[in-house]
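Each chain, written out:
Protein chains: 2
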Amino acid sequence: MAQVFADISISLDGFVAGPNPTLEQPLGEGGEQLHEWAFQLASFRERHGLEGGVRDDDDAFYAQSLAAIGAVVMGRKMFSGGEGPWEDDPKADGRWGDDPPFHVPVFVLTHHPRPPLQKEGGTSFTFVTDGIAAVLERAREAAKDQDVSVGGGASVIQQLLRDGLLHELRIHVAPILLGGGTRLFEPLGVEPLPLETTRVASSPNVTHLHFRKGGTA
Amino acid sequence: MAQVFADISISLDGFVAGPNPTLEQPLGEGGEQLHEWAFQLASFRERHGLEGGVRDDDDAFYAQSLAAIGAVVMGRKMFSGGEGPWEDDPKADGRWGDDPPFHVPVFVLTHHPRPPLQKEGGTSFTFVTDGIAAVLERAREAAKDQDVSVGGGASVIQQLLRDGLLHELRIHVAPILLGGGTRLFEPLGVEPLPLETTRVASSPNVTHLHFRKGGTA
Numbered sequence: 004m005a006q007v008f009a010d011i012s013i014s015l016d017g018f019v020a021g022p023n024p025t026l027e028q029p030l031g032e033g034g035e036q037l038h039e040w041a042f043q044l045a046s047f048r049e050r051h052g053l054e055g056g057v058r059d060d061d062d063a064f065y066a067q068s069l070a071a072i073g074a075v076v077m078g079r080k081m082f083s084g085g086e087g088p089w090e091d092d093p094k095a096d097g098r099w100g101d102d103p104p105f106h107v108p109v110f111v112l113t114h115h116p117r118p119p120l121q122k123e124g125g126t127s128f129t130f131v132t133d134g135i136a137a138v139l140e141r142a143r144e145a146a147k148d149q150d151v152s153v154g155g156g157a158s159v160i161q162q163l164l165r166d167g168l169l170h171e172l173r174i175h176v177a178p179i180l181l182g183g184g185t186r187l188f189e190p191l192g193v194e195p196l197p198l199e200t201t202r203v204a205s206s207p208n209v210t211h212l213h214f215r216k217g218g219t220a
Numbered sequence: 004m005a006q007v008f009a010d011i012s013i014s015l016d017g018f019v020a021g022p023n024p025t026l027e028q029p030l031g032e033g034g035e036q037l038h039e040w041a042f043q044l045a046s047f048r049e050r051h052g053l054e055g056g057v058r059d060d061d062d063a064f065y066a067q068s069l070a071a072i073g074a075v076v077m078g079r080k081m082f083s084g085g086e087g088p089w090e091d092d093p094k095a096d097g098r099w100g101d102d103p104p105f106h107v108p109v110f111v112l113t114h115h116p117r118p119p120l121q122k123e124g125g126t127s128f129t130f131v132t133d134g135i136a137a138v139l140e141r142a143r144e145a146a147k148d149q150d151v152s153v154g155g156g157a158s159v160i161q162q163l164l165r166d167g168l169l170h171e172l173r174i175h176v177a178p179i180l181l182g183g184g185t186r187l188f189e190p191l192g193v194e195p196l197p198l199e200t201t202r203v204a205s206s207p208n209v210t211h212l213h214f215r216k217g218g219t220a
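For the record, the sequence lines run as chains A and B. Add 3 to a position in the first sequence, counting from 1, and you land on the number used in my numbering. Add 3 to a position in the second sequence, counting from 1, and you land on the number used in my numbering.
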């Protein structure tokens, strides 16, 4: 069965973006450092149309995960960095360029309806306004028997966790304390949720922590 | 040189204690699950006067770390679970019993002065009221060439991080989302702090993440 996994980089202190995000710097102060590990991987660079990079175990895992992804879910902020009506959003066309690095259908959770956007390289953006379960359902249909990757932001992942809609949480911990910003985990208002550790792997640049629902409670 | 390390268990969502801590349940709802990994180790059980337990790599590392500890630092809440003047604290004698599991001098950061307490098994509690640097200095003197372990709580570790007084951060991530409680990391109000990963080890019960100051920035 197709898996739905959250796939997100955080600082050791739990932030997915640094303080004071802006349209120009959507990841906030220091936030781009959370993603440096990925920039070094050959398969990440290839996906982004860049040359070079390392082909190690980490890269091999990344490439394998990528190949299994049939659709992507993201929040409005991750799409454009903006908010509110589209006509007021200076990046209404998205902040991912003409040839975005997804190469599969992307489903954007938003309050503001609009027609889909077709980009180069196989990426399309479809805007879904009827909630978290609906956007996930659309992505699963598009992915067919492949996985759905949820890239963020934090609030999208929190909603999925709260509703028990994630199969796996893939967290990439960058070795840095950002000291502030947007947290991946806010209080969920639900019972403690035991997890099963499915993967721990590390390099000097990142520690991957993968978990599924499970455990003893 | 003697090392100062923070040594603390957290949930994947970053909590060192669950919601609603009380004197009877100082770790809050679900908080004791953060420490289950340790209860399974033979050397942890031995330190607590219990029999049995597993002797694996994790246990060997734990035993080796323990043997290197010459003094412990903790906050008032970790000592007694209470707050305010000692005469109002129902656990003014501490919540660690007559033979506490430390077996070395323990230095407690508090606003309320009192004479030291001598316990069985080599544990003493000394109460330090002149701040985080002072309590650390006292512990380092007592530890001589051995390490100082800082057990918590979160606010003590945050103060040490903010003041750059920790050599190493040893975080033990339990595979659970507590969904609320006391966070290990609150915004520090300082520049991002790059770290160097010194150890990543995992078992089904826990993932150990150890970091030192360092990195590329």
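Treat the hints as calculated values from the structure; they're not laboratory data. Since the model is a prediction, treat every value here as computed from it, not as a measurement. Beta carbons are placed, not taken as given, at the ideal position from N, Cα and C, and that holds for glycine. One or more hints might be untrue.
[Said to hold, decoys possible] Computed Cβ-Cβ distance ranges for the label pairs, DEER-style: (1) His170/B with Arg58/A: 53 to 59 Å; (2) His170/A with Glu189/B: 28 to 34 Å; (3) Pro116/B with Gln6/A: 54 to 60 Å.
Consistency of the hints with the structure:
1. At roughly 35 Å, the beta carbons of histidine 170/B and arginine 58/A sit outside the given window of 53 to 59 Å.
2. Against the hinted window of 28 to 34 Å, the Cβ-Cβ separation of histidine 170/A and glutamate 189/B comes to about 31 Å, which satisfies the hint.
3. Checked against the hint of 54 to 60 Å, the pair proline 116/B and glutamine 6/A passes, with Cβ atoms roughly 57 Å apart.
Checked against the numbered hints above, the structure violates only hint 1.
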